[in-house]
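When you get a sec, could you build the whole thing from the sequences and use the hints?
Number of protein chains: 2
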Amino acid sequence: MTTKFNFENFYSEKSEEQEISGPAHAKYDFAVAYPAPETIPSEGLLEGLKKGLEREGRDLAYYPHSFGSRELREFIKEKLKNDRGIETTIEEILVTHGSGEANNLVIQNLTDPGDTVITEEFVYLGTLNQLQKAKADIVGTKLDDKGIIPEELDKLINKLKSEGKNIKYLYSIPEFQNPTGSTMPSQRRKEVLQILSKHGLPLLEDDCYVDLRFEGESQDSYKSLDETGSVIHVASFSKLIAPGLRMGYVNAPIEIMKRLNYLKTSGPSQFVSLAIENFLKNEMDSHKEKITALLREKRDAMVSSLGENFGGTGVSWTVPEGGCYLWITFPESVDMAALQQECFDEGVGYLAGDRFSPSGKSGTNSARLCFAYETPEMNREGIGKFAEFMRQKKVI
Amino acid sequence: MTTKFNFENFYSEKSEEQEISGPAHAKYDFAVAYPAPETIPSEGLLEGLKKGLEREGRDLAYYPHSFGSRELREFIKEKLKNDRGIETTIEEILVTHGSGEANNLVIQNLTDPGDTVITEEFVYLGTLNQLQKAKADIVGTKLDDKGIIPEELDKLINKLKSEGKNIKYLYSIPEFQNPTGSTMPSQRRKEVLQILSKHGLPLLEDDCYVDLRFEGESQDSYKSLDETGSVIHVASFSKLIAPGLRMGYVNAPIEIMKRLNYLKTSGPSQFVSLAIENFLKNEMDSHKEKITALLREKRDAMVSSLGENFGGTGVSWTVPEGGCYLWITFPESVDMAALQQECFDEGVGYLAGDRFSPSGKSGTNSARLCFAYETPEMNREGIGKFAEFMRQKKVI
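Quick mapping for you: the protein sequence lines, in order, are chains A and B. 105 is the number that the numbering used here gives to position 105 of the first sequence; each next residue is one higher, with no gaps. 241 is the number that the numbering used here gives to position 241 of the second sequence; each next residue is one higher, with no gaps.
Treat the hints with care, since some could be wrong.
Intra- or inter-copy, both count: the list cannot distinguish identical chains.
As a list, the in silico DSBU-like pairs of lysine-lysine whose alpha-carbon atoms are at most 35 Å apart [as the list claims (entries may be wrong)]:
#1 Lys-161 to Lys-14
#2 Lys-159 to Lys-290
#3 Lys-4 to Lys-190
#4 Lys-165 to Lys-135
#5 Lys-135 to Lys-394
#6 Lys-4 to Lys-77
#7 Lys-198 to Lys-142
#8 Lys-4 to Lys-258
#9 Lys-155 to Lys-27
#10 Lys-394 to Lys-190
#11 Lys-146 to Lys-165
#12 Lys-51 to Lys-133
#13 Lys-161 to Lys-50
#14 Lys-79 to Lys-394
#15 Lys-361 to Lys-385
#16 Lys-198 to Lys-27
#17 Lys-258 to Lys-77
#18 Lys-27 to Lys-165
#19 Lys-79 to Lys-361
#20 Lys-4 to Lys-385
#21 Lys-146 to Lys-288
#22 Lys-51 to Lys-281
#23 Lys-27 to Lys-258
#24 Lys-4 to Lys-142
#25 Lys-50 to Lys-135
#26 Lys-4 to Lys-394
#27 Lys-142 to Lys-50
#28 Lys-165 to Lys-393
#29 Lys-50 to Lys-4
Bear in mind the hints are in silico, worked out from the structure with no lab data behind them. Because the structure is a prediction, the values reported are computed rather than measured.
Written out as structure tokens, the structure reads:
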């Protein structure tokens, strides 16, 4: 009989176990973080890819430039200029496997164990997870319905400094924040930048929902407001086209680029690059109109159903101008984490607010609802079911 | 005037600079590590993708299972069984961004700074680079034209143990080794496994060229010969289809999988998965026949031109049964690194042997020549040019 090999003594210090789980879907799935599946432009992508392969199919035989194809980076450069007011060069653009890889490279580059990283009070789970793995001391700064409150940020930094903390950077999603759905006005962003500048701190701007605005005016990106080169800007094609492509990018000063180059392990897929570049070159505007119109309809359906079902019960929710989620807040005594599984079993999926909290302690009476994935009809129905469940539980 | 933000005090301990460079191509490019660009199955991939998107285009809206789609992993499971004699489950298969990410995850999982890792005497540059970044103490074990010499490996391990080294694993490319082109007979692999087992050491098997056999019999994979679960098996679609897809995989015991799950930052592209799965399901055999026939023709062209131009000059070369490269060795006094740039300027690209050496000290009189990228005619011509250059330099 053979003895099984035991790896126990071979693991590195950074190795840990993490259970492997696939996604589970509720009937009314407001727990996911997906865009509208009806808008996946399969045909456009196929057409784009076909065109790209005709032009340079031989390029698939090459290992791509580790920063991504010149053509896609040229396209991103123009997009950053036109959509975000950012003037940059293709040397300062690195194409990544989604914004997840982009954020992770920046976090690796700037974070040692024990370093303090300031985030919004509630944080996108992917980044929260990466910061935890980097063993950062994560501290959330207070939010209101317009995002980070500048004075609170200043107070927090002073407090952390007085405690001798080694603050490394602020991580912020200023537009359609995940999970709260809030958008910071340009003026607030300017104030945040002034405060950071006063304290000599850089900023990691995660702009990955920005293409999903369906009403109101686009606000200036932090990066376009910064004249000192202290902002690292991350974005993604996951929301504009589809997460299944796995492609995003980071835009940062060249000295940062050289370090991300050292830290990265594999270049982006040329196959995906060709499809994205050639699809968006022709159809970005019309595609964006299509998805944002649908997202608006879906948000409206959810919000109106929230009004019908939760109006006058002391429950409040954000009404985002874009993106995928809204944030619902129940009376303080309600424990949304405790109800989550049972509500899922009843057919309605949500994510409890405390999961997004760095301390795990705030947001217990809140939840994130994704309005982007289900149809408007399902949004309406599902919120009805949700209210029914909450009534049964005597929450409302 | 604005002062530029200075990131100098913000970098983590693992952050370093690495210059960013795109690829440079010689007229006769034997320096690259690319498969035959004529064989890139653009139409087949487009067809496959189209079929895949029709079946499950909505899936692009999901973030894929972090291990890759079930369908692609089922396909890989069957491929491992049929082509490599490996019995496994889809839970033990993780789809990655090329074999580069796969190797890197395993290296991160098993390597702390200062750990000793044994490699072949000459090592694939991507892995060598990753091991260096992991700050491993990399020690090469002697090769002959049939790969690792088992007795030499045993001697080396004993020596390292007597020096108190903390040996973590052996990294090996047993089939069409990069850079030497050698293939280890099954018997040798068994002996290597016995030696490792005696010393209680695991093995990282990089099998990424195995689909490119154009003559001789396929040899048993280490993993199929191992009954103890001590082998981690990595492979890729880069050579079978195209590097530009950026997709590979790792097959390892479930306890390793949970740790790779912890260490990984982003799941694979569902877009690429759909194309690969649906293309290979229908056309793998015919495609493999096509590429291997062409590779054989290209190898033959290079080898016959080497015979005509370098025969009887004291120069020797390997004649691989598959893969992309052969290894050429000049008299001991020749410094191939010193000649590389000048030869490139004369139109012939190669990679000097010492670049593949962990110590940087052996292989100075050798070079790797890739026969897979240029046409047979260019291979013939280029080797003629190469000989002309070497004659001018009075090397031959």
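Evaluated hints:
For the homomeric pair Lys-161 and Lys-14, the shortest alpha-carbon distances inside one copy (28 Å) and between copies (24 Å) are both at most 35 Å. For the identical chains of this complex, Lys-159 and Lys-290 are neighbours neither inside a copy (46 Å) nor across copies (67 Å), given an alpha-carbon limit of 35 Å. For a Cα distance limit of 35 Å, the shortest separation of Lys-4 from Lys-190 across copies, 17 Å, qualifies, whereas the shortest one inside one copy, 60 Å, does not. Taking the closest pair of Cα atoms, Lys-165 and Lys-135 come within 35 Å of each other both inside a single copy (14 Å) and across two copies (29 Å).
Neither within a single protomer nor between protomers do Lys-135 and Lys-394 lie at most 35 Å apart by alpha-carbon distance, with minima of 40 Å and 58 Å respectively. With identical chains, the CA atoms of Lys-4 and Lys-77 are at most 35 Å apart between copies only, with a shortest distance of 21 Å across copies and 53 Å within one. In this homomeric assembly, Lys-198 and Lys-142 come within 35 Å of each other (Cα to Cα) only inside a single copy, at 19 Å, whereas the closest approach across copies is 58 Å. With identical chains, the CA atoms of Lys-4 and Lys-258 are at most 35 Å apart between copies only, with a shortest distance of 17 Å across copies and 43 Å within one.
Neither within a single protomer nor between protomers do Lys-155 and Lys-27 lie at most 35 Å apart by alpha-carbon distance, with minima of 44 Å and 62 Å respectively. Taking identical chains as interchangeable, the C-alpha atoms of Lys-394 and Lys-190 are never at most 35 Å apart, the minima being 44 Å within one chain and 67 Å between chains. Proximity of Lys-146 to Lys-165 under the C-alpha cut-off of 35 Å is restricted to the intra-copy arrangement: shortest distance 27 Å within a copy versus 57 Å between copies. Within a single copy, Lys-51 and Lys-133 get their C-alpha atoms no closer than 41 Å, and across copies no closer than 39 Å, so neither meets the 35 Å cut-off.
Within a single copy, Lys-161 and Lys-50 get their C-alpha atoms no closer than 55 Å, and across copies no closer than 56 Å, so neither meets the 35 Å cut-off. For the homomeric pair Lys-79 and Lys-394, neither the shortest alpha-carbon distance inside one copy (49 Å) nor that between copies (55 Å) is at most 35 Å. Within a single copy, Lys-361 and Lys-385 get their C-alpha atoms as close as 27 Å, which meets the 35 Å cut-off; across copies the closest is 71 Å, which misses it. For the identical chains of this complex, Lys-198 and Lys-27 are neighbours neither inside a copy (49 Å) nor across copies (54 Å), given an alpha-carbon limit of 35 Å.
With identical chains, the CA atoms of Lys-258 and Lys-77 are at most 35 Å apart within one copy only, with a shortest distance of 18 Å there and 38 Å across copies. Taking identical chains as interchangeable, the C-alpha atoms of Lys-27 and Lys-165 are never at most 35 Å apart, the minima being 45 Å within one chain and 56 Å between chains. In this homomeric assembly, Lys-79 and Lys-361 never come within 35 Å of each other (Cα to Cα): the closest approach is 39 Å inside a single copy and 48 Å across copies. With identical chains, the CA atoms of Lys-4 and Lys-385 are never at most 35 Å apart, being 50 Å at best within one copy and 54 Å at best between copies.
Taking identical chains as interchangeable, the C-alpha atoms of Lys-146 and Lys-288 lie at most 35 Å apart only when both belong to the same chain, with a minimum of 24 Å there against 57 Å between chains. Proximity of Lys-51 to Lys-281 under the C-alpha cut-off of 35 Å is found in both arrangements, the shortest distances being 11 Å within a copy and 24 Å between copies. Taking identical chains as interchangeable, the C-alpha atoms of Lys-27 and Lys-258 lie at most 35 Å apart only when they sit on different chains, with a minimum of 29 Å there against 46 Å within one chain. Taking CA atoms no more than 35 Å apart as the test, Lys-4 paired with Lys-142 passes between copies only; the shortest distance there is 29 Å, against 51 Å inside one copy.
For a Cα distance limit of 35 Å, the shortest separation of Lys-50 from Lys-135 qualifies neither inside one copy, at 44 Å, nor across copies, at 43 Å. For the homomeric pair Lys-4 and Lys-394, neither the shortest alpha-carbon distance inside one copy (53 Å) nor that between copies (57 Å) is at most 35 Å. In this assembly of identical chains, the alpha carbons of Lys-142 and Lys-50 never lie at most 35 Å apart, being 48 Å within a copy and 47 Å across copies at closest. Taking the shortest Cα distances, Lys-165 and Lys-393 never come within 35 Å of each other, neither inside one copy (43 Å) nor across copies (62 Å).
In this assembly of identical chains, Lys-50 and Lys-4 lie within 35 Å of each other by CA distance neither inside one copy nor across copies; the values are 49 Å within and 44 Å between.
Checked against the numbered hints above, the structure violates hints 2, 5, 9, 10, 12, 13, 14, 16, 18, 19, 20, 25, 26, 27, 28, 29; every other hint is satisfied.
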